[in-house]
Every structure is written in C-alpha cells, then in structure tokens.
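K.L.:
Model the placement of chain B on the given structure of chain A, informed by the hints.
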Amino acid sequence: MTTAHDDTKNTMTTETTVRSDLSATTLRDNVEVAEALGRRYEAGFVTDIETEYLPAGLSEDIVRQLSALKKEPEWMTEWRLKAYRHWLTMPTPDWAKLKLTPIDYQSISYYAAPKSGPKSLDEVDPKLLETYDKLGVPLHERAKLAGVAVDAVFDSVSVGTTFRKELAEAGVIFCSMSEAIREHAELVQKYLGSVVPVGDNFFAALNSAVFSDGSFVFIPKGVRCPMELSTYFRINAINTGQFERTLIVCEDDAYVSYLEGCTAPMRDENQLHAAVVELVALERAQIKYSTVQNWYPGDENGVGGIYNFVTKRGDCRGNDSKISWTQVETGSAITWKYPSCVLRGDRSVGEFYSVALTHHRQQADTGTKMIHIGKGTKSKIVSKGISAGRSSNSYRGLVKVEKGAEGARNYTQCDSLLIGKKCGAHTFPYMEVKNPTAIVEHEATTSKISDDQLFYCRSRGIGEEDAVSMIVDGFCKQVFRELPMEFAVEAKKLLEVSLEGAVG
Amino acid sequence: MLKIENLHARVEGKDILKGLTLSVGAGEVHAIMGPNGAGKSTLGNVLSGRDGYEVTEGSVTFNGVDLLSLEPEERAAAGMFLAFQYPVEIPGVNNTYFLRAALNAQRKQRGEKELDSMQFLKLVREKLKIMQISDELLHRAVNEGFSGGEKKRNEIFQMAVLEPKLAILDETDSGLDIDALKQVAQGVNALRSAERGFLVITHYQRLLDYIEPDFVHVLADGRIVESGDKTLALKLEAQGYAWVNDKDPALTGASA
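Chain order of the listed sequences is A and B. Taking my numbering, the leading residue of the first sequence gets 1, the next gets one more, and so forth. Taking my numbering, the leading residue of the second sequence gets 505, the next gets one more, and so forth.
Among these hints, one or two may not hold up.
Unchecked claim - Covered stretches of chain A, as calculated for chain B (at least 3 residues, CB under 8 Å): (1) 445 to 453; (2) 464 to 477.
Said to hold, decoys possible - Calculated lysine-lysine pairs in the DSS-like style (CA-CA distance at most 27 Å, straight line): (3) A:Lys492 <-> B:Lys617; (4) B:Lys655 <-> A:Lys477; (5) A:Lys82 <-> A:Lys190; (6) A:Lys190 <-> A:Lys71; (7) B:Lys617 <-> A:Lys493.
For the record, the hints were derived by calculation from the structure and aren't laboratory data. Beta carbons are placed, not taken as given, at the ideal position from N, Cα and C, and that holds for glycine.
Isolated chain A (complex conformation) (with noise of 0.2 Å):
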C-alpha cells in the first residue's frame, strides 16, 4: 500500500503522484477486480428521432442562422457573435497533459432539434418518453411521486417541463434557457456571462457562441425552492456537439438545490460536450448543485467516447451565501471539469464534494477552484478518486485567498482509491494565499483495495465483485452523503454498475 500524505498551510505548491505499480506484490486478485471492471455501458442504445440539423461547419453565418432558428432576439444573436469572434481569437488549450486527438470544430454540426415542436408532455414524442424509461427517468408520474420536477434536454432542444405550475405559484422560474431568452430578457440579460464571461476560455467562448439550449432557474427574494429541481441531458444525434447553458439565480434569502445527471447512447465518434453553468447566490442565499455524470467513457480501447469540457462557475455576491457543488462522475472518456467558487461575499462559503471513477482508458482531470476574496470566507474539498484499468485520474485544485479575504480558511482533502496495476492517481493542489492570516489545509491519501479487505468480506460470505463495490462505496460516503436521498442512490447503483461483471 502506498500512502502519500502532507499537510501544508500558506503559500504553497506541492504536486503528488503515484503510480500504481510501485506496490506490484501486494494484489494478484486486483488484475481480476480490474478485467473486472470491463462491464458494457448499459445505456447504450439509440433512439430513432427525426433529427432537423444545421449543416456541420462553424461560422459568423451559422452562429446567426442557430439564433434564428432558436427565433431568438437581436441582442442574443449579438452576444453570441461576440463570442465567437472571441473565440477565433483563442488558442485550443493543452496545459492538461491529456491523450486527445485533435478536434475538427468544423466537423461538427452546431445544433440538432427534434422536428415537432411538443407543448406539453402529451405532445411528446413516445419513443422519446421511452427512451427515458430506460433510463429510469421519472418524467410524468413518477416524477410526482418523487416530488422532482424534471426540465428534459433531448439533444439540443427541451421537451417538456413539469411542475411549472407548482413552481410558479412559489415564483420560482425553472424552464429551457430559450424560453427564458424570450420569456424573462432582462433577468438573462442581467446574468448571462456575468459569472462566466463569453471570453473567459476557449471551451467557454465556444459554448457562448453556439450553445443550444439548457436551463434557467430564477429563485426571487426569501422564497426556499419548494422541491428539488432536476435536468437530465442525454446527448442522441450523430456528430452533434452538445453545448449546454445553465444559469441559476438565487435572490436574497433563496435556497435552491439542483440536480443533474447524465447518460449517454453508444457511439463510434468522439463527441464533443462543452457546458456551461453559472450560478449567482445573492446575500444569504444558498445554491446547492449535484451531478451525477455517465456519459459514454468509449470502449476498452477509449474509442468514441464523449468529450467533457465543462466550465462550472459559482458566484457568492451577497455576504453569508453559500453554493455547494457535489458531483459524481464516472463517464466520458474524458473529462476537464472544475465546478468552482468565488467567494466575493464577506462570510461567504464555498464546499466541492466529487467521486470520479474512471477505468480502461478514461482520463478525468478534475478538481476546484475556491477564489477567497471576502473576509472570514469558508471553503471545504473533499475529493475522492477512483481508478481502474489503465485509466488515469487527476484532482487539479486551486485555492486562492486574495488580499482582504481577512480570515480566510480552507480544507482540502483528496483520498486515491487504485485498483489494478495499470492505473494512475494524480494530485495537483495549488494554493496561492496573499494575507497572511488565511489558514489552508491540504491532506491526501493514496491507498489500495488491499488483499486483506477483499479476504475479509469474503470470509465473511460476501463475494468479490460485492466486496469491492462496499468498499469503494465506503470510500466514498463522505461525498455521497451530500447527495440529495434519491440521488444518492443513484449514484450508488451507477458506481456498482461501474464496478460490475468485476471477478469471473
């Protein structure tokens, strides 16, 4: 067993890795957990939709054509060519070290919509709503009974939305984000790119200029969201890149939890996913955000899985907000994602709770951002990777405390779970701190599913394949346990569905 363990305070950059194969002797059973791990993506399948495309190519002329299809207002049109000329500007980055073939922006095509245009959920297409009840998707009743109210993205476009009305009446606005650009202009224009600006990277710049859809959330003054709002996103169309834009606003006094989850059909292309999602906590508000990621990773071989570039951003404005990301990945073949936080109110607090799971060759390059800028600001990480196969898993993190954020503080805590010889755990943590009175904590751990653990379930009549998906969910219980119920034990299953047709 390797352990890697340092606790540092003040300005400071350490960078640890460990390889897997240092500690050779300790696990012969961990090869077979890890051929183990080779399960089939479950979700794979297609479902067969009329599909109305753009033509595939990136251009001034297609970013206006996708606004008029989306019959969308002068100043959106504007705003997204702003983008994109921005974004011309811009070199493709590669500071993740990561195994990536190159991309054919003009390969892609920009905007995919199902061909009827569905009011309601009656209007929905059935083999849409079939293709979410194998997913699990509580749409219509099941939707009710879990109290979720669920805005669905197919592709690019959202299909039906439920609870508006229960929502309304609380004043809450929970729809796609093209009906909030029509619908509540000036709530977007106020928003939109003020957390992430259309500049602010090139995956970002991109998203800005062609993004096709997405949700909007808007919790006004005092008003607790009275359920757990949920989006799932399902990428379906050939060569359709899927550019997701959320934004959640939460006034003073406002508390909204948001749920996302993901899962994807088989494919042979590599398809590019680059979201966006911003969320504003006024004074006193909370925002609590949790993904749970299944996006298709590719096969043994890391063939035609999804590309994950996502930029996450949260804003606590008002003094004594708190937003709260929680995430659960185990798709994608690869992932750059790092669901941050400016801490810009006094006594603000920012947590980032995150299980990544990658196995054959998935490469996952995750982590946070906490921007300490307020005084007596809080931060928490707790990052737990998994990794299998020849599957490379990275936590990359930055904790920043400006100036004034006078009495700062921040722990950070990143725990490596390795099974198998082949795979690698990497930690990356920067901290910049500029007053000295912060205080910043960072601990890791690297270890094992050790013989012993495995022998010790079994000897108790638990087999293999069990043992190893207990003990890798007891590994993760500090995260899972920030999951909303529901969501807990969904991702939960997923990790034990990751983790299946283990020995054999």
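P.N.:
Okay, now just chain B, sitting in the frame of chain A:
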C-alpha cells in the same frame, strides 16, 4: 464435521504444514497450541481459503464436502467462520450494513430467504444481549478506529450473528488485557452448542482458562505432535514448548 488428512501447504514457496491430520466433531472445542512459526495461523488461513496458501498434498472435508475446492465465500456459506487475529478495517462501511450484507449473502448462497431490515435488527438485538456489547459499536464503520479489544469482540459478535457450524479463532487472545480476554471468552462460551465446533488457535494457555477445550493439540513444525485433554495445555504452560521439540528431533533448538 471437519476432517483434515495429511495436509501439506506452502506459502511463498516455503513448506509450512507438513502432514497435519485432525478431526473436529460437532459440539467439540479443540485447542491448537504451538510455538511461533509452527503453522498455527497458516492452518486457519488454509481452512478459510486465503489466497497465497498452496495446498500441495492431503485433503480437508467439511460435512462431507471437499472444502479446498470452495471459494472463501462458499466456505462461509457452508458454515465456516474465521475470527481474524488482525481484524481488517473497512473505512466508511457501516458495521451493521456489513453484517447484514454478509448474512444475506450467505443465506442467498444456501437458498434461504434474505432477512429484511426489521428481521435483521431483531436478530442483532438478541445477539447484542448475549454478547453484552453496546450497540454503539454497530453504528461505526467496520473495525475503523476500534481498540484491539473492540475489534476482537466485534469478531465474536459477527460470529454470533452468522451462526457458523465451525468457528476458527486465530489467536483471538493476542493483544488483549485480562478483562477484554474474559469478555471475549464469555462471548465464545455463550455460543458453544452441541451443533457447533470450535478450533481455538492460541499461543498461550491463558485463553484456555476461560474457554475450556475438550481436546488440546500441539502443533510443531507443521504437524500435530501431541494430543490430549486440557491438562496438556497446563503441562505446556509449566514446561514451555521445549519438551515438545525434544519429541521432534528436526526442531531441536528452534523453539524461540
């Protein structure tokens, strides 16, 4: 119930068991004593099916079944239980959850109905009473942060819930102070029954003051060199293992 015949086993290429023969009947308590390195723990590990222990010769049958052909979890379902010398920590996995998963996994393998949480809770409450263990232990992760005594008591508690036909206690007394030892022994004694056999592996006679064996065997250099009743243990305590080694010329001078 358990029949071990001429068992030879090796670990990492080294022969440890060299022709061990032993029978344990239902309701019997057998103590295995012997000097360090005699193969005591190897015996427990071979019987429970741990990886890395290669059986080169001999046979083991458990209620007529060829035990050596079974996977560890199958042996557990067949009624074999090993109380570990060093119980393993499983961080984040709740003790109760673990135990229920284990019991139901065994029941499933045996074709019995799995217990729901209410039934299981009821069973656990009964067993807690017998073991005189506080239920605080149940809410913690498996062995995580347990003291040495708590770990051993937890092993016995697991045994109580899983109700094995044959329990192997591997140096359960090691690292325990006298009070903890008494508690553990009390638990074991409460589980003695006409249907259940025990194989108590220990280095010291002390444990046998509290768990009274029907038979005592002395294991040296990979085989049983002496068998008797509980008075044999007292003799060992008084005279050390040196006289045993005298019986086996191969071991002379190796009693340290």
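K.L.:
For every hint, state whether the structure bears it out.
P.N.:
Structure-based check of each hint:
Look at the region 445 to 453 of chain A against chain B: 4 of its residues bring a Cβ nearer than 8 Å to a Cβ of that chain, three or more, so the hint holds. Only residues whose C-beta sits within less than 8 Å of a C-beta in chain B count toward coverage, and the region 464 to 477 of chain A has 9 of them, enough to reach three; the restraint holds. With a C-alpha separation of about 24 Å, the suggested pair Lys492 (chain A) and Lys617 (chain B) falls inside the 27 Å cut-off, and the hint holds. Simply put, Lys655 (chain B) and Lys477 (chain A) have alpha-carbon atoms about 22 Å apart, close enough for the 27 Å limit, and the pair holds.
This hinted pair checks out: Lys82 (chain A) and Lys190 (chain A) have alpha carbons roughly 17 Å apart, not beyond 27 Å. Our distance criterion of 27 Å between C-alpha atoms is met by Lys190 (chain A) and Lys71 (chain A), whose separation comes to about 20 Å. For the proposed pair Lys617 (chain B) and Lys493 (chain A), the alpha carbon gap of about 23 Å is at most 27 Å, so the pair holds.
In summary, this structure violates none of the numbered hints.
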